[in-house]
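Peer 1: Here is what each chain is made of, one letter per residue.
Number of protein chains: 2
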Amino acid sequence: MQRTYISDLKDHVGTEVSIGGWVSVRRDQGKMVFMDIRDMSGTVQCVVLPSHTEALETVKEVRTEWVLEMKGIVNKRPEKNIKAGVANGDIELEITSIEVLSKAQELPFALDAELNLDTYFDHLPLTLRTERARDIFTVQATIVEAYRQSLRRQKFMEFQAPALVAGDAEGGGAAFKVEYFNEKTAYLATSPQLYKEIMVGPFERAFTIAKIFRAEKSATTRHLSELTQMDFEMGFIKDHFDVIAVLEQVIRDVVSTVKEKHTDVFTRFKIEAPLMPEKFPVFTLREAQDLIAKEFDRTVEDTRDMSPEDERQICEYAKEKFGSDFVFITRFPTAKRAFYTYADPADPDFSLSFDLLFRGLEINSGSQRIHNYDQMIEKMKSRNINPENFSFYLQAFKYGLPPHGGCSTGLERITARMLELANVKEASAFPRDLTRIDNPLSQ
Amino acid sequence: MQRTYISDLKDHVGTEVSIGGWVSVRRDQGKMVFMDIRDMSGTVQCVVLPSHTEALETVKEVRTEWVLEMKGIVNKRPEKNIKAGVANGDIELEITSIEVLSKAQELPFALDAELNLDTYFDHLPLTLRTERARDIFTVQATIVEAYRQSLRRQKFMEFQAPALVAGDAEGGGAAFKVEYFNEKTAYLATSPQLYKEIMVGPFERAFTIAKIFRAEKSATTRHLSELTQMDFEMGFIKDHFDVIAVLEQVIRDVVSTVKEKHTDVFTRFKIEAPLMPEKFPVFTLREAQDLIAKEFDRTVEDTRDMSPEDERQICEYAKEKFGSDFVFITRFPTAKRAFYTYADPADPDFSLSFDLLFRGLEINSGSQRIHNYDQMIEKMKSRNINPENFSFYLQAFKYGLPPHGGCSTGLERITARMLELANVKEASAFPRDLTRIDNPLSQ
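These protein sequence lines map, in sequence, to chains A and B. Going from the first sequence to our numbering is simple: count from 1 and add 651. Going from the second sequence to our numbering is simple: count from 1 and add 651.
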């Protein structure tokens, strides 16, 4: 018999069907056994009645997370047992036969138990099955897809950026070393930056969803050592506001798609969908910090960059005053940004750069870039970067690159803020950090 | 003035427009200067007439790959100068002003020159701008997008598989070592296999587009050290033919989409679009090798696996007899496949596995997998794999996993065969191999 998905059972009332799924819950009630069975489409209550002796015999042994293939009759529930507003709350499957596809050992904890994060991560092959985890990664799949679709509509070409690179582009040991062939050392990319700039040459507008790797010893709720970045780069811009315009459209498309497809997730997480006004508010760094100082009556310590507290407070302000969960911050000091960042020709101490903050956290960073070859060489030298180490990349500039800019969104960060997760690691299905690759690393 | 894309110029005949782009070709003819200008949308012939003295002065210096912003009048060409069948072959842009956005140094070779592969790879920031390279990566972007769309329609959930892993899953030193934190060694993933099987637990049907890394010292036209794999895995299967059915649908969708969007590329590459009959032919390994022996009158040396020559010949046969550029080969010996491969219960020496060949090359490999925990442990031990090293992965089995299977398509390989590229490296925008990461590695 063809398998019926659990979400389709309501269309089969009164007939016999076959389903497959996991036992989420098992309850014994007198001689009857009730089970909540879960498949990729939903959950349904099943009952094994004493009259079905063979099924009853099989079910005796069945426990949580066993995988079953079962036949049964879809029954309407009596009025008094209907659970309103719950999917399949008005039906029940009367099981006629059970085949055990896979047994499960006793679980180390109930799947709906509150766990500390380490226990949760230690058991991801199990805990990813919780409704909460499935919600997070269902939303994440929608985010990444909506991000791509929006860029594709805006005429960007997707490409595959490399993860293995020849040098530590940013210096300072932020890159992991790889033992490459013939005793050569390679590195893991800390950004697809150089490659997406190269791709402006052939395609003008290019994007990549790329893994990047950070060897920084940061053990905060904001850091992972392996991340998924959603990067785009575009040519023939006037300045960084052209990049901001594309990004704002992308974010609108992402949020709208998530709202449209996953209202149920926002309900289950007991949070609101992100607020977006007609236009996202934009402040210069200076304006933002002046506002924070005034509104929160405090001294801003570092006027060269936004601290985590600055980010939280300007977001709080923007939400209240502008009804926006998003804020752009512009005009960061040139010295604080990467070497390829374009300085404002009218005031070279400041750069044509920006960050996008979302619910208190920087989720995107971008800028116009230097496009002139000589200027790039000069800038590298002023930063003690040896242009010879960048000879491959520099060909793009040597052979004519238009004014261009771009930005990079952290997938885990945007997912975490979308669902208001306390720790960005929860937004990585298989998080890697200082102390963990799947299992905890021995000390 | 707003920029007009070159592909839209035909709608602006008789008016003044502004364009931006690269100089593909420059030709002087008496006092006039002709240029072919290229942007992301197309190419147009521009002419600077002696009457536009300022533009003529500027253009004197202009060479190939300079980036220009220009104003001009869109003119119909006189009848005798129309190039039929060429985009913009019936118009010409009469330039009124030129702004140089970016100069280019003299090119090391003409962009349309025939290059040997090493020279081509040494200069990718330039050579990716050739029409041929843009065609390859435009088709590749379509392939990866169509692959995802097809799986999404078939109810697969996308997830991000990790690149950093704790162990060398396949053993034999096929994995690159990474210096992780605190003097720990991590490895680069050789496959997302373990993670997609884990994802069957939460989602039943999961897919990932993942980077994988191979430290094998193979310097053939079929090998790269960094690859993009398109992997899916599905639960509740009867056997590997359920996987084959999903894959065949995916491949049909990919080929149809590429055919629909890029007939011009097939024309430029002087090749046919791939042939697909009603149903892809399926042979067991034994059948395939018997056919080869008979049809090509030769002895098959290794009856345990397909050699590159076997792959080419069975594809030649399938194309001729069945009008198919695709062939499935099944029933590989269990001993020749990865440890997680499901042996045929009726004949355990053979596995429920398959390869998909495309125009002479294996582009996909898949199988039903072991789903029973005890059986998995036993199999690991029989292969001298220590289950303790797989304790994270094994949780998925310990806590109930349905019969499942999946497969993996190499993006570079399918791209290479789609366009009949001689070397798979040409299908990687930034190929890494034994001797190259961007630049050649010093010996």
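FYI, nobody ran anything at the bench for these hints, they're computed from the structure. You may find that some hints are simply not true.
Because identical chains cannot be distinguished in the list, a pair is counted as satisfied if it fits within a single copy or across any two copies.
Dumping the calculated DSBU-like pairs for lysine-lysine here, alpha-carbon to alpha-carbon at most 30 Å [unchecked claim]:
1) Lys921 to Lys910
2) Lys806 to Lys921
3) Lys912 to Lys987
4) Lys806 to Lys910
5) Lys722 to Lys921
6) Lys806 to Lys754
7) Lys1030 to Lys987
8) Lys754 to Lys1032
9) Lys835 to Lys912
10) Lys987 to Lys754
11) Lys806 to Lys661
12) Lys754 to Lys711
13) Lys921 to Lys1030
14) Lys912 to Lys806
15) Lys734 to Lys722
16) Lys1032 to Lys972
17) Lys910 to Lys1030
18) Lys828 to Lys889
Quantities reported herein were computed from a predicted structural model and do not represent experimental measurements.
Peer 1: Flag every earlier hint the structure violates by its number, smallest first.
Peer 2: Hints 3, 5, 9, 13, 16, 17 and 18 are the ones this structure does not satisfy, whereas the remaining hints hold.
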